[in-house]
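Chains A and B are the protein sequences, given in the same order.
Just so we're aligned, residue 335 is where the first sequence starts under the numbering used here, counting upward by one.
Just so we're aligned, residue 335 is where the second sequence starts under the numbering used here, counting upward by one.
If you're looking for bench data, these hints aren't it; they were derived computationally from the structure.
Each statement offered as a hint is correct.
One copy or two, either will do: identical chains are not told apart, so a pair holds if it fits within one copy or between any two.
Here are the simulated SDA-like cross-link-like pairs (lysine to any residue), alpha carbons at most 25 Å apart as the crow flies: (1) 612 to 544; (2) 519 to 408; (3) 612 to 506; (4) 462 to 631; (5) 519 to 374; (6) 612 to 460; (7) 519 to 563; (8) 519 to 567; (9) 462 to 433; (10) 462 to 574; (11) 519 to 409; (12) 519 to 443; (13) 519 to 444; (14) 519 to 545; (15) 519 to 576; (16) 462 to 483; (17) 519 to 435.
There are 2 protein chains.
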Amino acid sequence: MVRLISYRRNGEAGVGVMAGDGGAVALALAAPNLPRTLKGILELDDGLDRARAAAAGRAADFALDDVELEPVIPDPHAIWALALNFRMHIEETRLTTSAEYPQIFLRIPASQVGHNQPMVCPRPDIAKTYDYEGELAVIVGRGGRYIDDADALGRVAGYACYNEGSVREFQRHNRQFGLGKNFEKSGSFGPWMVTAEEFGDPSDHAVTTRLNGIDKQRAGLDEMLFSVEQVIGYLSTGYALRPGDVIVMGTPGALPPAPDDVPAAQDSDRIPGRTHMKPGDTVEVEITGIGTLVNRIAAAD
Amino acid sequence: MVRLISYRRNGEAGVGVMAGDGGAVALALAAPNLPRTLKGILELDDGLDRARAAAAGRAADFALDDVELEPVIPDPHAIWALALNFRMHIEETRLTTSAEYPQIFLRIPASQVGHNQPMVCPRPDIAKTYDYEGELAVIVGRGGRYIDDADALGRVAGYACYNEGSVREFQRHNRQFGLGKNFEKSGSFGPWMVTAEEFGDPSDHAVTTRLNGIDKQRAGLDEMLFSVEQVIGYLSTGYALRPGDVIVMGTPGALPPAPDDVPAAQDSDRIPGRTHMKPGDTVEVEITGIGTLVNRIAAAD
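Same shape as in the complex, but just chain A (with noise of 0.2 Å):
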């Protein structure tokens, strides 16, 4: 299985192939001639086949833990996301959406870090309730416009784990999302991707959410309302998405609470099973056929 990651070591950036499971390839050194940033090589018509023959039989040319990792793509042109995607999630919600059009916001770089970097928990003055959602990341290979959903999957270069970390009071001060959903540092996306052929038709998978090593989110990605190729269809008839571009596809309900979960006081519109992050703790999302992207919870400066 190819998987990609991009990194900072010593302050450089780079892209790697992982060659076992801890450690990558660096493509500086094994492919020189690629582009040094994952958009760059995802430009290219034969990118990610020099990057896969370039790294196959290598040893690694470092270990993960001596290496910053990035957001799989620190610098999308777009990362559009999906809200109310899986029916557990509107029901649980009690909020309405369409069922003939996806319900699309967007995320700006600076709301994501990669895997093992802190996700960032608001101050408690600002915001008490800030939000996992685990979901699946979709990365363009080829972009384009008016793309029909038969011919969407094929621009697919390959998938990877967000957790679309959410300040639910900001995400309700007024109609739009806007800056609920993009508080510095709140998102991670990683923790590499795995290219589109391996990982296959997405409706084959399912997504696991944990925190503090406890199951809070478990869905199938058949249980979407809207598929991913019907995504691309729907947004390339306004834009031209473009290699790199980021959709992210939605996060399933919470799963039925544990015997011990019991919400703090001051939590009165709690989702049952739903519990807000907070400093110390440790969440993951879990893809099968891709691996688990795991982050602690920081306090804000």
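Knowing the structure of chain A, use the given hints to seat chain B on it.
Only chain B this time, still in chain A's reference frame:
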């Protein structure tokens, strides 16, 4: 008055300082040590001062007609935009909004063009209601987090005009505006940035939008529900504003329709006085103390 432009000449990006109304000094010639993007210049504490000093007294290096003007900041980290920030626009849309918190959404760079470049009308089989929105664009200079409202105007590098072109059917597809505010090249940002010192207090100024020479919107910027300083303060509770970030302050309502201003038969939910844009139209956004942003409307491919 110092007016800065971002442009491309023979494919190469540059920053210029207007010298008279028809031409500009190329900072690549006048100040070769400065960064080649306006965002890069704003990242330096003394970048604007150095640009101003280098251009003072120099004749224009090129005519505006010989270059392609880009959005004032072609690649901001974030383009924050406000919905429903003028009472008259709230009333005409019959929508509600919070009086306590601004309504925030995001645009992506691909959704904007520069002065004199074509804005693109969607294909008629995709959407029929493509509208202008004349707005004030705020360009961040010194960024940061947790900014007091009292300190906020001091963080602004300058101001420009923005045409926050919107595709109404897509805005209404679901709860979040999403794609309706982000059609490819649907908006415009220019013609230049006027520095904050020279522009002065935004509430002393007024915005006018014209379609084919007819006034369609006109309001004082003192009619905004949330002021520039309040919005900067709000955003900085969650996000560390960065140099070159753009905040687009919302659009006023429609002026009363002219006697010969008759809606098309299919346009049942049109707001009186608002006219959808179509290929061949010319749209202008003028703000006192800045100038006029002009774009022709082109048909999508």
